[in-house]
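Sequences are here, hints too, so could you generate the full structure?
Heads up: the sequence lines are chains B and U, in that order.
For our numbering, count along the first sequence from 1 and bump the result up by 1.
For our numbering, count along the second sequence from 1 and bump the result up by 545.
A portion of the hints provided could be inaccurate.
Covered stretches of chain U (in silico footprint by chain B; criterion: 3 or more residues with CB under 8 Å from a CB of chain B, positions within the stretch not fixed) [as the list claims (entries may be wrong)]:
id	stretch
1	605 to 618
2	641 to 654
3	670 to 684
Cross-link-like lysine-lysine pairs, in silico, DSS-like; alpha carbons within 30 Å at most [stated by the list, open to error]:
id	chain 1	residue 1	chain 2	residue 2
4	B	K83	U	K675
5	B	K104	U	K669
6	U	K695	B	K12
7	U	K642	B	K104
8	B	K110	U	K695
9	U	K641	B	K12
10	U	K690	B	K110
11	U	K669	B	K110
To be clear, the hints were calculated from the coordinates, so they are not data collected in a lab.
This structure is a prediction, so every number in the text was calculated from the model and none was measured.
Where a beta carbon is used, it is the ideal one built from N, C-alpha and C, also for glycine.
Take a look at the letters that make up each chain.
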Amino acid sequence: MSEKEIQVKDKMELTEQEEHTQPGPVFVPDVDIYEDQSALTLVADMPGVDGDHIEIDTKDNHLIIVGHITPAAGEGEHVLLKEYNEGRFHRKFVLADIIDQEKISATMKNGVLTLVLPKIERAKPRKIAVTIG
Amino acid sequence: MAILKWTHRPFGVELADDFIRLQREMHRLLSAAGGRPGVNLVRTSGVYPALNLSEDAENLYLRAELPGIEPEQIDLSIEGDSLTIRGQRTISEADKKVNYHRRERESGYFRRVLTLPSPIDHTKVAAAAKNGVLTITLPKAEAAKPRQLKVAAA
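What follows is the structure in structure tokens.
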């Protein structure tokens with residue numbers, strides 16, 4: 002593992018043309034996507050999002066991930082320092098044809114969403130027997 | 546082919562134009578004031594992780610978004626009025642043979658010091674991590690708690 006120091010970066014706010022029905026800021030989660038022989042894996046940082054408050058939709062070959070947060074601050078707290086904002090997470094991807102949309106699975110741990118997108122079974126090469134008439 | 550003269554403006558169009566201009570001007574002013582209204586301005590220290598600090602009568606609450614970090618990987622220490630958070634974030638790769646399409650998540654170590662605004666009771670500090678958000682509860686020292694004073698009637 003690299004021994005580099007993590008640099009702080011501002012949370013990126015979603016700049017999308019469509020309007021959201023709920024008020025409040027919306028952020029774009031940081032995402033890693035990697036591919037191996039059998040599947041694509043998508044890993045997204047969504048701190049503050051509970052496993053029950055995640056929506057994963059696939060429609061029209063788009064994968065939409067929405068994470069709702071439960072505000073961390075309790076009642077009657079007075080803010081002294083604010084270096085980050087809280088808000089929903091939203092991100093949309095175009096799915097390639099090789100993804101088997103029926104078999105997508107998701108897990109959530111420590112505010113990190115892991116989506117496994119299995120590839121479809123490739124058409125297996127077939128041998129055609131020729132019968133001699 | 547257009548037959549209507551485009552310079553001809555029916556009654557009311559000029560008024561609508563004024564409204565559009567007003568709307569644009571308002572939008573420009575709001576953008577200049579720091580983006581959309583309702584989003585609080587944040588100031589960063591340039592050090593990871595970003596921290597939010599709040600207080601109530603009893604405690605100070607320090608929060609940080611540390612997704613994917615196990616609570617055991619976070620090292621907290623308090624010395625006088627400075628609190629140090631150190632740790633490491635490792636990103637597990639399932640297999641070294643994988644190929645990356647996107648790599649936005651960062652790994653590495655971090656160390657951050659914050660000077661606390663009021664004296665705290667060092668013995669009762671509690672830290673909890675939930676869904677990738679670390680919350681440190683720092684009970685205020687007795688001397689720092691607000692006290693109600695009774696005014697005696699003369």
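Verification of the hints:
Coverage of the stretch 605 to 618 of chain U by chain B holds in this model, with 9 residues showing a Cβ closer than 8 Å to a Cβ of that chain against a need of three. Taking a C-beta to C-beta cut-off of 8 Å, the stretch 641 to 654 of chain U contributes 13 residues in contact with chain B, enough for the three needed, and the coverage statement holds. With 5 residues having a beta carbon nearer than 8 Å to a beta carbon of chain B, the stretch 670 to 684 of chain U meets the requirement of three or more and the stated coverage holds. Taking the CA atoms of K83/B and K675/U, the gap is near 19 Å; set against the 30 Å cutoff, the hint holds.
A distance of roughly 48 Å separates the Cα atoms of K104/B and K669/U; the hinted pair therefore is violated under the 30 Å criterion. This hinted pair does not check out: K695/U and K12/B have alpha carbons roughly 47 Å apart, beyond 30 Å. Note on K642/U and K104/B: the hinted pairing holds, with a Cα-Cα distance of about 22 Å set against a maximum of 30 Å. For the suggested pair K110/B and K695/U, the alpha carbons sit about 50 Å apart, so the restraint of at most 30 Å is broken.
The straight-line distance between the Cα atoms of K641/U and K12/B is roughly 29 Å, inside the 30 Å bound, and the hint therefore holds. Using a Cα cut-off of 30 Å, the hinted pair K690/U and K110/B is violated, with the two alpha carbons roughly 37 Å apart. Under the criterion of a C-alpha separation no larger than 30 Å, the hint pairing K669/U with K110/B is consistent with the structure, at around 28 Å.
Violated hints for the displayed structure, listed by number in ascending order: 5, 6, 8, 10.
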